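Here the protein sequences line up with chains A and B, keeping their order.
Per numbering that gives the first Met the number 0, residue 0 is the first one in the first sequence, and the count goes up by one each step.
Per numbering that gives the first Met the number 0, residue 0 is the first one in the second sequence, and the count goes up by one each step.
One should not assume that every hint holds.
The calculated lysine-lysine pairs, modelled on DSSO-like cross-linking and capped at a C-alpha distance of 27 Å, are [to be verified]:
id : chain 1 : residue 1 : chain 2 : residue 2
1  : A       : LYS133    : B       : LYS5
2  : A       : LYS19     : A       : LYS183
3  : A       : LYS1      : A       : LYS205
4  : B       : LYS14     : B       : LYS251
5  : A       : LYS228    : A       : LYS74
6  : A       : LYS74     : A       : LYS1
7  : B       : LYS5      : A       : LYS110
8  : B       : LYS251    : A       : LYS132
9  : A       : LYS132    : B       : LYS14
10 : A       : LYS19     : A       : LYS228
11 : B       : LYS251    : B       : LYS5
12 : A       : LYS132    : A       : LYS110
Examples of chain B residues lying across from chain A (beta carbon under 8 Å, computed) [said to hold, decoys possible]:
id : residue
13 : ARG106
14 : THR171
15 : THR175
16 : ALA186
Coverage of chain B stretches by chain A, computed from C-beta distances (three or more under 8 Å per stretch; other residues unrestricted) [to be verified]:
id : segment
17 : 153 to 163
18 : 179 to 185
The hints are simulated quantities; they were obtained by calculation from the structure and are not laboratory data.
Given the structure is predicted, the values throughout are model-derived calculations rather than measurements.
Using N, Cα and C, we set each Cβ at its ideal position, and we do this for glycine too.
Chain by chain, the residues:
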Amino acid sequence: MKIEFQGLTKQYDQEHVVLKPMDFSDDIHTLAIIGPSGGGKSTLLRILGGLLLPTSGQVSVGGEELPTDERALQKYRQGLGFVFQQGGLFRHLSAMENITLPLEQVHGYTKQEAARRAEELLERFGLGADGRKKPSELSGGQQQRVAIARAVAARPRLLLLDEPTSALDPEYTNEVLDVIHELKNEGMDFVIVTHEMGFARHACEKVAFLCEGSLLEYGDSASLFVHPKTRQLERFLSRLLEWNVSE
Amino acid sequence: MKLRRKLFFVQENGKANRLGACLNFVLVMGLFVAVFWLSLGAINVHLEFGFLGRFWLRIWDGFWMTIEISAASLILSLLIGILSAAGCGSPLLFVRYFFRIYVKFIRGTPLIMQIYLFFYIVGTAWGVENRFAAGVIILSTFEGAYISEIIRGSLLSLEESQLEAARAVGFTRRQTLRYVILPQLVARTLPALTGQFASIIKDSSLLSMIAVIELTQTIREITAVNFRMFECYLLLGMLYLCLTLPISFVSKWLERRFQYEN
Ligand SMILES: Nc1ncnc2c1ncn2[C@@H]1O[C@H](COP(=O)(O)OP(=O)(O)OP(=O)(O)O)[C@@H](O)[C@H]1O
Ligand SMILES: [Mg+2]
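Only chain A is shown next, with the shape it has when bound in the complex (with noise of 0.2 Å):
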């Protein structure tokens, strides 16, 4: 999946310039955005995935350019697949409903194909059982299986993740990065972003390192994490080895 950025940039108010003009352009399977706390990583997802416009820049994913009115952008958006930190699934909706709804709504299928495919996502992600139950009622882990099962059933063309698994115990965390790895082996092209540096550098083919507004690094993760050329990233990558249990 092809993805270009030109000039792109974003501010939410005059002072504070979110994201410095920033290009891009390289075909992509999968993609670990890295970097700081309020580097901007979740603004830039959101505005790959239509839900947050630029200030200013081009930005096209497979080639099928960014719009800017409303409805256009609404089409957009149906063909991607996007997982939030949490909250993500409608509350007052079952798993299933969670799953089935869009499907109905946005996408056309029938009662019984939207069935199907929920059905055989939430039994391949080891939610067969839990199906009707509302999102209040399953685990932290659960919850992010099942919009992670939402955002991929009417096969998106890109999925994109924001730290689907930073609001998670510990416990939790594996089976959710099993089966966002599952999906890549499938084929599925995600961008993550994450703090899970294992899951970046052995997951995914690529890495960007994006701090304090400015994309720093980018190449791919075999070599970024061996050998990092800005000093940001060796003092982010140092900082996050200080507590490593493995040191």
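We have chain A already, so just place chain B with the ligands on it with the hints.
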């Protein structure tokens, strides 16, 4: 020791043991009745309900009138409440202030003053003669302000994340309203709105002040001729409970049904 814990205390699961619940219910009811009975004895009153038989048709009419007024007020106050909740958040300052001042004024003053004010000044000036209509309008205006706050509260508690999720799955504005906002609002407001219906029923008793012949006014008229205050007002209380108790159970049930909220 064990038995005493079982019978008189809330259990570990936060609920009451069945036997304990029955026992304590009976004890509490017994206490109420005893205090009441002793008080009656102290002032030498003997209750005698037989005479009420002569009035049952009037009482039934009054009872029915209370139901009609409350039901009509429920519908009208719901409309006013929805309009006002929307108005309170309007970007137009005039509209916003209009509804906010309305809500503040109504919630800050007693119903009885509003009834006199509206009926004798506004009602007379604009020629609202029909007491039923006047009663419904006054009561709805009053309850509408409370409903407005209930709805506004739930609107404000709708999380941004739910709306963003709706956009992310590709919903249009209309679909978001229909499939996300409305169901969540209903789930949040329905228990409180049901409770408000019980308030409407009780508050409608004040319309007796402008001689709407509802249940309370009927009883007042009956006591005015035979002075059997105690029997009449006891019956009045029972009749209101017949209406409000089932409603409070429904409200509790709805609350439990929609409790996935937290
Ligand atoms: N809606 C908003 N209005 C104003 N400022 C915002 C808004 N959203 C984010 N910001 C600001 O933009 C900057 C970047 O935020 P963003 O959420 O993109 O960071 P992040 O890299 O995702 O951080 P984190 O790792 O903590 O999630 C922050 O300084 C934040 O305060
Ligand atoms: Mg973020």
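Q) Going back to the hint list, which numbers does this structure go against? A) When the structure is compared with the hints, numbers 1, 2, 5, 7, 13 and 15 turn out to be violated.
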